[in-house]
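Visitor: Listed below are the residues making up each chain.
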Amino acid sequence: MNQAMLVAKNLGRRKLRTFLMLVAIFIAFFLYGALECFNRAFHSSENAASAERLVTVNRINFTMPLPVNYAGRVQQVPGVRAVTYQSWFGGYYKDQREPLFMMAVDPATYLAVYPSVQMPAEQRRAWLANRTGLAVGKTTAAKYGWKVGDRIPISSNVYMKKDGGRAWEFDVSAVFSDPDDSAREGLVLMGHDYFDETVTFGRDQVNMIVFSTSSTKQNDAIAKAVDALFANSEAETTTDTAAAFNRAFAAQFGNIALIITLVVATAFAAILMIVGNTMVMSVRERTREIGVLKTLGFRSSTILGQILAESLLLAVVGAVLGLGAADGVILVAGKFLQGFGSNLQMTAAVFLGGVGWAVLLGLVTGAVPAWSGMRLQIATALGRR
Amino acid sequence: MSDPFSFQLRQVSKRFVKGKEAITIFDGLDLDVPAGDFVAIMGPSGSGKTTLLNLLGGIDHVTSGQILFDGQRVDTLTENQLSAWRAANIGFIFQFYNLMPVLTAAQNVELPLLLTRLGQKDRRKNVATALELVGLSDRAKHYPREMSGGQQQRVAIARAIVSDPQVLLCDEPTGDLDRTTADEVLGILKLLNREHGKTIVVVTHDPEVTRHTKRTLHLNKGVFEEKTALA
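Residue numbers (my numbering), protein chains in the order written: chain Y, 7 to 391; chain D, 31 to 261.
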């Protein structure tokens, strides 16, 4: 036997109580793990967005179109390096309930503005050359089992074809990766020319213009210059960094971070009270035993350490189980959530952050009973006074 | 050479403050407990028996006066020093055994050895010896709830002696036992005194205990009334 075993034995003395405390901690950390993973996935593209990229959208909102010729005019603004444009296609493959994150883009300029997008040279050539070619992010390709050379039908929730149909035939020309932004690997990119030729409305219009600049220091000035270019036009613009755009996009869904913080904080506060109170009761029940240990020669600091070790062990075990379960759920959810699914994962940062919170929880819930145990007078504990 | 006295109490006073009332338990108490003594301390409830045992074991503090162990003052030791001193020199036996319910008999006996530098092998050997001495080798893996009161008290004795302390302090060790079992327990204490030279102080209401001890002290209102001669 050793002191660690003594800690484990004490935790096992009331198995149901220990189990219920574990369940409470498990739930708190499951929520923390799952929500934090969603939060990070949601904001990952925001974080990955290059500061050198700016996004121009319709001033009313980004769902309103801009004339495609704006791109050429943006290119003329001093300090602008490369310009591309894209439109939301609203595509889906077979099941309308599983939308694709599909954009119509100009392949050549897209690759210039997003140099981190990587694909084999022959696939790149094929995509640039094939009007009906599709570049598929590797996550989506893996999800649907698409390979280069496949011919696949994709329908749109937004657009209709001129022939009255909703299904477009595409050739998978390339499968790409993006080491700088794994969320991008969930995208499906079609050629804007094919889009313009086939849709019944929205021709020569785009949802956003994205461009890189030669220096981030000039971004503010360049953004103002771009917006000034289209002031008092039929489609006024607003220009901001890609990060700010992504942040604004995420904000449409509410302040996710605040919601997560409130949910997790509420769960933690409840757990803190439940576990803390239970630990106090658990130690109070052992008052006499603590007195006996001290009588045998166990130091007060050893008693303090044992009680803290109990609460720490409980918190960390509960947290690891909760985070592990969250990892499992996230893994499954990631397969169903196109777009940021590839970023939806239990990262080391989330896991270690959770363990850190568990250590804090263990210390806080164990502090009061441990302090009481340490201060307990032997004669009082043994009822001998 | 060891001091001939295990304990020497000199002008020990002990006062409590309870609410607005100051209660004096001892006022200038003197006591000598020679090494190898087996002494019973008897007296009515409230006479100060348990307080005296607490003071001897360093689990309560004197208000004034001195307590010497082997000629060294222990009343001036810090809490940590007292813990180490108790672990090395004192074994406690309580009326209600005070075993850890979550530990087996062997694990209960092993508890004091966790404070020593002994390895697991030596600890197991000492535990086996202590349990053998109290006749409970076959109960090593039993939990307290699986044992009778007498067996639990014998486990408590094994726990008290496993680290080979010089002194055993016993608080009503037979108070919760039937006569036959009580005699068995007292027989073990007598054996520990005679064969192993342990100094034993027993606080008790049980007059039968005095048949086994070398002498008896009667405590009344914090004062020793009479002393029987060393046997």
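Keep in mind that the hints were calculated from the coordinates and are not lab data. Check the hints yourself; a few may be wrong.
[As the list claims (entries may be wrong)] Pairs of lysine-lysine, BS3-like flavour, derived with a Cα cap of 27 Å:
no.: 1; chain 1: D; residue 1: K244; chain 2: D; residue 2: K50
no.: 2; chain 1: D; residue 1: K171; chain 2: Y; residue 2: K21
no.: 3; chain 1: Y; residue 1: K15; chain 2: D; residue 2: K151
no.: 4; chain 1: Y; residue 1: K167; chain 2: Y; residue 2: K153
no.: 5; chain 1: D; residue 1: K171; chain 2: Y; residue 2: K15
no.: 6; chain 1: Y; residue 1: K153; chain 2: Y; residue 2: K21
no.: 7; chain 1: D; residue 1: K244; chain 2: D; residue 2: K48
no.: 8; chain 1: Y; residue 1: K100; chain 2: Y; residue 2: K167
no.: 9; chain 1: Y; residue 1: K15; chain 2: D; residue 2: K155
no.: 10; chain 1: Y; residue 1: K100; chain 2: Y; residue 2: K144
no.: 11; chain 1: Y; residue 1: K100; chain 2: Y; residue 2: K15
no.: 12; chain 1: D; residue 1: K244; chain 2: D; residue 2: K220
From a predicted model like this one, the values you see are computed outputs, not experimental measurements.
Visitor: Can you confirm whether the C-alpha distance between K244 (chain D) and K48 (chain D) stays at or below 27 Å?
Guide: violated (36 Å)
Visitor: Would you check the hint for K100 (chain Y) and K144 (chain Y), treating anything up to 27 Å between C-alpha atoms as holding?
Guide: Distance of about 19 Å is within 27 Å: holds.
Visitor: Does K220 (chain D) lie within 27 Å of K244 (chain D) when you go C-alpha to C-alpha?
Guide: holds (9 Å)
Visitor: Are the Cα positions of K100 (chain Y) and K15 (chain Y) separated by 27 Å at most?
Guide: The hint is violated at about 57 Å.
Visitor: Would the pair K171 (chain D) and K15 (chain Y) pass a check requiring their Cα atoms to be no farther apart than 27 Å?
Guide: Roughly 15 Å between the alpha carbons, so the hint for K171 (chain D) and K15 (chain Y) holds.
Visitor: Please work out if K153 (chain Y) and K21 (chain Y) have their alpha carbons no farther apart than 27 Å.
Guide: Since the Cα atoms of K153 (chain Y) and K21 (chain Y) sit roughly 53 Å apart, the hinted pair is violated (cutoff 27 Å).
Visitor: K171 (chain D) and K21 (chain Y) were given as a pair; does the straight-line alpha-carbon distance stay at or below 27 Å?
Guide: Cα-Cα ~20 Å, so holds.
Visitor: Would the hint linking K15 (chain Y) and K151 (chain D) be met if the CA-CA limit is 27 Å?
Guide: holds (21 Å)
Visitor: Take the C-alpha atoms of K15 (chain Y) and K155 (chain D), compute the straight-line distance between them, and say whether it is at most 27 Å.
Guide: Holds, because 22 Å separates the two Cα atoms, which is no more than 27 Å.
Visitor: Please verify whether K167 (chain Y) and K153 (chain Y) have alpha carbons no more than 27 Å apart.
Guide: Within the cut-off at roughly 25 Å; holds.
Visitor: Quickly compare the C-alpha distance for K244 (chain D) and K50 (chain D) to 27 Å and report which way the hint goes.
Guide: violated (41 Å)
Visitor: Has the given pair, K100 (chain Y) with K167 (chain Y), been kept, meaning a C-alpha gap of at most 27 Å?
Guide: holds (17 Å)
Violation of the numbered hints given earlier is confined to hints 1, 6, 7, 11; the remaining hints are satisfied by the structure.
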